[in-house]
Amino acid sequence: MSAGPLDFLLAAGLVGLAGVLLFGAGLFRSIVLFIVFGLLMALTWARLNAPDLALAEAAVGAGVTGALVLAAWRGVESRTEPPVVGRGWLPVIAGLGLGVVAVATVAALAGVGAVAGLEGAVTDRLADSGVRHPVTAVLLNFRGYDTLLEFGVLLLAAMAIRLGAAGGVAVAGAPGPVLERFAALLTPLLIVTAGYLLWRGGHAPGGAFQAGALLAAAGILLVLVTPGLPDSLPDARVRAGLILGPFLFLAVAAGAATAGSLLEYPRPWAGALILLVEAGGTLSIATALWVQFVGVAGEREGGRP
Amino acid sequence: MSATLLYSGVGVALFALGLVAVVVRPHLLHKVLAVNVAGSGTFLVYVALAYRGTGSAADPVPHAMVLTGIVVAVCTTALALALALRLYRRTGRMTLTDEGEGG
Chain A
212 MSAGPLDFLL
222 AAGLVGLAGV
232 LLFGAGLFRS
242 IVLFIVFGLL
252 MALTWARLNA
262 PDLALAEAAV
272 GAGVTGALVL
282 AAWRGVESRT
292 EPPVVGRGWL
302 PVIAGLGLGV
312 VAVATVAALA
322 GVGAVAGLEG
332 AVTDRLADSG
342 VRHPVTAVLL
352 NFRGYDTLLE
362 FGVLLLAAMA
372 IRLGAAGGVA
382 VAGAPGPVLE
392 RFAALLTPLL
402 IVTAGYLLWR
412 GGHAPGGAFQ
422 AGALLAAAGI
432 LLVLVTPGLP
442 DSLPDARVRA
452 GLILGPFLFL
462 AVAAGAATAG
472 SLLEYPRPWA
482 GALILLVEAG
492 GTLSIATALW
502 VQFVGVAGER
512 EGGRP
Chain B
172 MSATLLYSGV
182 GVALFALGLV
192 AVVVRPHLLH
202 KVLAVNVAGS
212 GTFLVYVALA
222 YRGTGSAADP
232 VPHAMVLTGI
242 VVAVCTTALA
252 LALALRLYRR
262 TGRMTLTDEG
272 EGG
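Sequences listed follow chains A and B, in order.
Last residue of the first sequence? That's 516 in the working numbering, and every number before it is there in order.
Last residue of the second sequence? That's 274 in the working numbering, and every number before it is there in order.
No lab work stands behind these hints, which were simulated from the structure alone.
Keep in mind it's a predicted model, so treat the numbers as computed, not measured.
By construction, the Cβ of each residue, glycine as well, lies at the ideal position given by its N, Cα and C atoms.
Incorrect hints may appear among the rest.
Chain B regions said to be covered by chain A (calculated; three or more residues, Cβ under 8 angstroms) [unchecked claim]:
| # | region |
| --- | --- |
| 1 | 173-183 |
| 2 | 193-200 |
| 3 | 213-223 |
| 4 | 231-241 |
| 5 | 249-261 |
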């Protein structure tokens with residue numbers, strides 16, 4: 212339980228990177244450092260026995276977020292170069308006040324001592340949940356309602372971006388041969404790995420979110436190398452992909468509600484239902500993240516077509 | 172010092188740094204990055220408190236909640252970026268006010 216030299220190194224790296232990327236000059240440098248920061252966070256999750264989070268952070272936190280911010284940066288790079296820091300006394304006072312609060316918080320955390328969490332409760336009921344991996348059981352069964360709402364959030368964000376987008380703007384620039392080769396090699400690998408992660412989530416770290424993020428990455432790669440791709444894709448398919456996951460989850464929840472309470476899977480069917488919901492969820496997560504990227508990246512040219 | 176205390180302290184520090192940066196830096200993309208860093212700090216506090224040592228499995232409930240949080244953070248970032256770009260399309264600026272406008 213005690214922190215070793217690797218932990219102090221990791222901690223210093225995280226705080227140092229954050230300081231440089233947040234307060235340093237140069238927008239592009241900050242974005243690149245932010246992606247590195249995401250990878251360092253993935254390392255930290257692995258260190259803290261959170262392999263599901265490490266997978267998700269690398270794919271979604273560093274990968275998709277980095278792609279989003281880079282796409283947004285490309286949309287404004289020619290014009291705006293940010294000044295370094297705002298002036299005045301307010302930032303200094305706010306920083307000092309926040310520092311006091313931060314120190315007080317850490318002092319309070321130090322006094323917490325050993326915490327008995329919910330791992331015992333989860334282990335007790337794991338056999339009934341339908342899956343063998345505790346995090347998946349919590350996500351899709353014990354706290355399934357939160358995940359259902361999260362599917363809704365993904366759908367909402369994708370819809371909001373689609374509604375506001377100028378539409379019809381090409382995402383791909385002129386992809387070089389390296390990117391094309393890279394995309395050709397990586398796309399099938401991403402699809403197969405996504406399928407594997409989806410299946411693995413039942414008994415080991417993995418699941419719908421990680422698999423969906425990998426599929427979204429494959430979609431983003433394809434969009435970057437294929438001119439005219441976002442427009443030539445039939446809109447009906449995109450919409451179907453977006454709603455499949457939430458619809459399946461809602462259908463399963465409603466079906467379970469007729470037998471018992473909301474989202475209470477019948478015991479012998481729990482495993483199969485969870486896999487069904489996760490499969491639909493993978494497709495919808497991938498579609499939602501992809502739609503969000505296309506929406507942000509498509510704003511490049513500015514002005515309505 | 173226990174690993175839990177160290178990493179939750181780092182999480183608090185990341186949150187504080189991110190919060191200050193959101194207020195202080197005028198460029199919208201910097202603000203988006205700052206919110207993400209603050210979010211990562213929050214997740215780190217949560218997961219550090221769920222840590223039970225190298226031998227035993229960690230508490231899975233905070234892990235599930237942070238996983239949800241990571242995905243929601245991406246959606247928030249995407250929407251924030253889309254709105255920022257629309258603001259840029261309309262006004263030609265990536266800052267919220269005229270104060271702090273650079274070159």
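Hint by hint, here is what the structure shows:
| no. | hint | in the structure |
| --- | --- | --- |
| 1 | 173-183 | holds (count 10) |
| 2 | 193-200 | holds (count 6) |
| 3 | 213-223 | holds (count 9) |
| 4 | 231-241 | holds (count 10) |
| 5 | 249-261 | holds (count 10) |
The structure agrees with every numbered hint stated previously.
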